[in-house]
Amino acid sequence: MATKPAFAPPTDAAISRRGFLMKLGILLNAVAASLVAVPVVGFLLSSITRGRANGYLSWVPLGKVSEFPEGETRLATFQNPYVMPTDGKTADTACWVRRIAGEQFQVFAVNCAHLGCPVRWFPQSALFMCPCHGGAYYRDGSRASGPPERGLFEYPYKIENGLITIQAGELPTPGAAIADLTAGKKPCIS
Amino acid sequence: MHIMSSLAKIGTWFDRRLQLAAPIREAAEHPIPRNTSSWWYVFGSAALTVFILQIVTGILLALVYVPSGAEAWSSLQALNHDITLGWFIRAMHGWGSNFMVAIVLIHMVQVFLFGAYKFPRELTWIIGVFLLLMTLGMAFSGQVLRFDQDAYWGLGIGASIASRVPLLGPTIVKLMLGGPIIAGATLSRFFALHVFVIPGLLIGFVGLHVLMVLKLGINEWPMPGRIVKRATYVSEYHELTQKDGVPFFSYGVWKDMFFAAFIMLAVAACALYFGPFGPSGRPDPTIIQTVPKPDYFFLWLYALLSLLPPSLETPVLLVGPVLAIAGLLLLPFLSGEGEKSWKRRPIAVLTVLLIAITLGTFTHLAGYTPWSPHMNAWISDPVPDRYIHHSTALERQGALVFQVKQCRNCHSLGEIGGQRGPALDSVAVRLTQDQLIRQVIQGGGNMPAYGKNLSPAETTALVAFLETLHPNGEPPARDASRDLALSDENQSGVKPPGVRLSGMKP
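Protein chains in written order, with the working numbering: chain S, 43 to 232; chain W, 1044 to 1549.
Simulated from the structure, these hints should not be mistaken for laboratory data. Where is the CB? At the ideal position from N, CA and C, for every residue including glycine.
Some chain W residues close to chain S (C-beta under 8 Å, calculated; not the full set):
id, residue
1, Ala1113
2, Leu1220
3, Thr1329
4, Trp1414
5, Pro1416
Derived CB-CB ranges, DEER-like:
id, chain 1, residue 1, chain 2, residue 2, range
6, W, Ala1311, S, Arg60, 55 to 61 Å
7, S, Arg192, W, Thr1401, 25 to 31 Å
8, S, Leu63, W, Leu1106, 47 to 53 Å
Excised from the complex, chain W in its bound form (with noise of 0.2 Å):
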């Protein structure tokens, strides 16, 4: 007991100095709708507390890594290698930095689907979406500095989408970059980004968004049919907290604490199991051997990039961001008061459902990119040897043209092979002989033309080898009008003169 008061001593000499307990206790103690106490309102507490996950291991990372061109890649291996739970450190930082943005997600679309943007709650959102903006500029300049090949390209990456800015392109680049080529001061200034610039900004606007979140009050359970008023909202929020609101510590902090926890043991359970992420190979750019690709979050991106047509790329890149961030800014104003529950707003939930799905399918897709030519498939996965048994010799020098030639780059056979063009496996039911030729000689449909890089006996070998292409019982392709025409030929015993194989009567 004489401790006890001693430590009461104490604080009262803090407090009479900072005088902060009463503010504390105010914001600990105030009430919150009772309903508000709920598993959904964990999520932003849990982003907060993986952001200072974040900066703790990120300053425990900067303790030994070096920002410079020359040696951040082998001080990258230091931490996975020699030094002390510094494997560990790492993939606790990669882990936070997927969790993070996963969890600020998530928030975003609770906060979205709860209705909590709507009056008085406008500005808690607006600080909310850049919180989402700075948070993904942490991701990517994250993966810059883990300075390793797939950061080289993809720095190349973002330098070739920023210069296609009309007029200002070239400028934003070098402006990016640090320079005209992507070198050291270009990890210089992401490292600037990453630990002070981005940092400093996310520090203050959590600070703002709990801050309002405190004086606004948590947004109450929606309830269908109880409908936003400007004029009325604040004293019937008031009026809800007085009648059924209960102390926010501790009858919805625990809930907070026990996800809080989960998450941390999460992200560690990830960061023992998986492993640190990377460095891939040393960021040297004369090793073009390399399949650069981004990180889970810009997966969707990635494969964005290669199935938009090349004519509304540059538009949806410049103008899609534009629009994607001006419509969440406005998104209050436009739907400020109303309803509140989404089991009133079908077009909300499509919303979200429709954009899950599209982001969730891009990064499917990007996961096995059928559309990047597979660059050794045409040494590495040889025919299958069924489509070779009881053929020809001329067949099987046209297999070893369809292989010599890189066609297995980007034509799959008994499903290995690239997936950029089509499989081939029974490519002879699709087109007849004539086409075959035509389409190997003149390409087209996205395909090369061959013309130029194929000899007329290797043409010839290569589609005789095609034309075997099918399944049993399913006769190849034929043209039927050149049937007619050599049945004709047959039955008058006279080859018209000046006509071959075209059909065409004289």
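If we strip away everything but chain S, and leave its shape as in the complex, we get (with noise of 0.2 Å):
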């Protein structure tokens, strides 16, 4: 038997079975995390995509079309196509309906295109009014004045059986999809 001592340092530079050990465990170990992390990363990101199979962006009713009078601007209020048991009144979220004649309508979305404030209808002044900076919009949605860069988000609506149904399920904000989407875009009435 070798005399050695247990603890003897390495002599010379030559892997020793202990250094190869440590170097295998290392190894080991990076594997072992990144399996890990491939779970732990698709789990975080998953609220990028969250909702996208279930409902996300699908089509929500508003209420009869009747029940919208012509030249006028109403607020509704839509469930969130997808809700989670812990959302409560969250899901819930409020929309200005503008019915201009017949079948045409404009859906905006209550957030103003500045920061997301709601904004309040004011049919005297025909004015949208923005509590937080002052934006002020028109009624067909324009901007007016304030620091807002375009006008108010749209919804894409259409109707069916009488009922005035919109494509929501994301909060608009000026940097989102539905925000590129719908700005500009006639609205599509089937």
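Two chains, two frames, some hints: make the complex.
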């Protein structure tokens, strides 16, 4: 039997058995960590696609067309198409419905195009005003004054069986896809 | 004496196993320069004190609080009204948060003005910058956990800002909100940030920060003319503490303890007197009659966002924070040596003053938000009586139009009403009749155009009323060329064909 001391340092550059096992241990941990990281990262990023399979951006009814008088703008509420049990009232959303004439509508998000505060409709002066930073919009949603750089966000809508339905499910923000999707687009009338 | 010796035995038993007594004694008795046992050096320990207070009150709140979008608001109501002293713990935590941000900022200013960020304490400063950011992160996420209308719309503002990041904006928004809308998942992730992630990092970074203060020694009192040089500083500091040093315990520490106790009592006094913050209305997005406002330490940002020109907003929002943080992080490398005393660093003093005055002014403005329309002024603030004394029927009709068309929401009369647009008490002195008509119909200068929303009769009445708005003895503005045209007509006695009121001769 060799009489080498148990903790002798490696004497040369050659790979010792202990050094090899150490490196193998690091490698094993790196492999394990990468494997475990896949579901961790997948879980973390899931909020980007959350609800997409389950009715994210789907058509929700706002009510009968007859509930919205011609030439007027009314507040309507709807439930977000994708709801989690802990959402409570936050799953409900409001929007401004303007019935221009007949089946011609405009449905605006309540969120100001500046920073998302809820705009209020004043029929007397035919303006939407924002309480936060003073953005104002005309009745057709176009920018009237204040810091917003664009008009109000519009939801795409369609009339089906006498019901007005809108495509909703995402918070409209100045940079979000829905804003680009609907900006300057003619409303689709089916 | 018997008890004392037993206690000493127990102490020895533990220390043989823990072996902490010697390093603790060494840390407590390490020499500090004599003149650093000053009232200027108490803010760091005060920040730590408030942080510990926040941990304790935070854990107490977590015993009752429910981080669910459906129940958070009612659990806060229960804390406020049903649970013994729940209101007080909430108030302590809320006021503790304000005190912590304030003390951290004061600490930072003191460290900056005393040159304490210079060699060899650069890393202490950098970690301090991260501690400031985490403190602000705690303040914002804490405001979200107070899940009320302000929290809900505040998240919307945060999402709107984040969405402006080029390309990645929408993705960042969904990561931040935990889905496509502000909902239960949003609250849950801010709870995780506020209760686990940021406090965990804070504890670790505070530990490092304090450790470095102990290892590198507290910054000596800056003397004008005593220049920091990398080559000689450490030995000079060592010499200072050897020649004129005093043990930290208890020369320096008693002032820290006095101030810490004072701060804790101040937090408790504010909590007792002012009570807890909110929650305001239930976070129901269908209730849009709300005027969201951020907490005190973010008010300056609220003001900045309404005062910036729209075209500058996105660049300032996205580039500003990066530049500010980079500037703070690079500071010890840009001026790691040289003069420490504020008496010889006028630019440093002016920078602090400029930032303080800017932030203070913005915060003050956000207190009364002159840029926001007063949404109810048109029904709650009538035209003052004195403006319709002796007025004609047409002018009174104009005053009615003025109220009904929400002009008051942006324009004040008698100092009541919105301040978004100019006060109109003397508008007739500034604008002639033609200019008033043009401004009402076409808008401009940040005023919407009312041409489509006013009938000709309403416009005539409104302008007739506006023309009466001038101080006694100060005549309304008149178009001089118009007078000329009218007087020409009178002199010649013949109306020039095809020319009306323009003053141009045919």
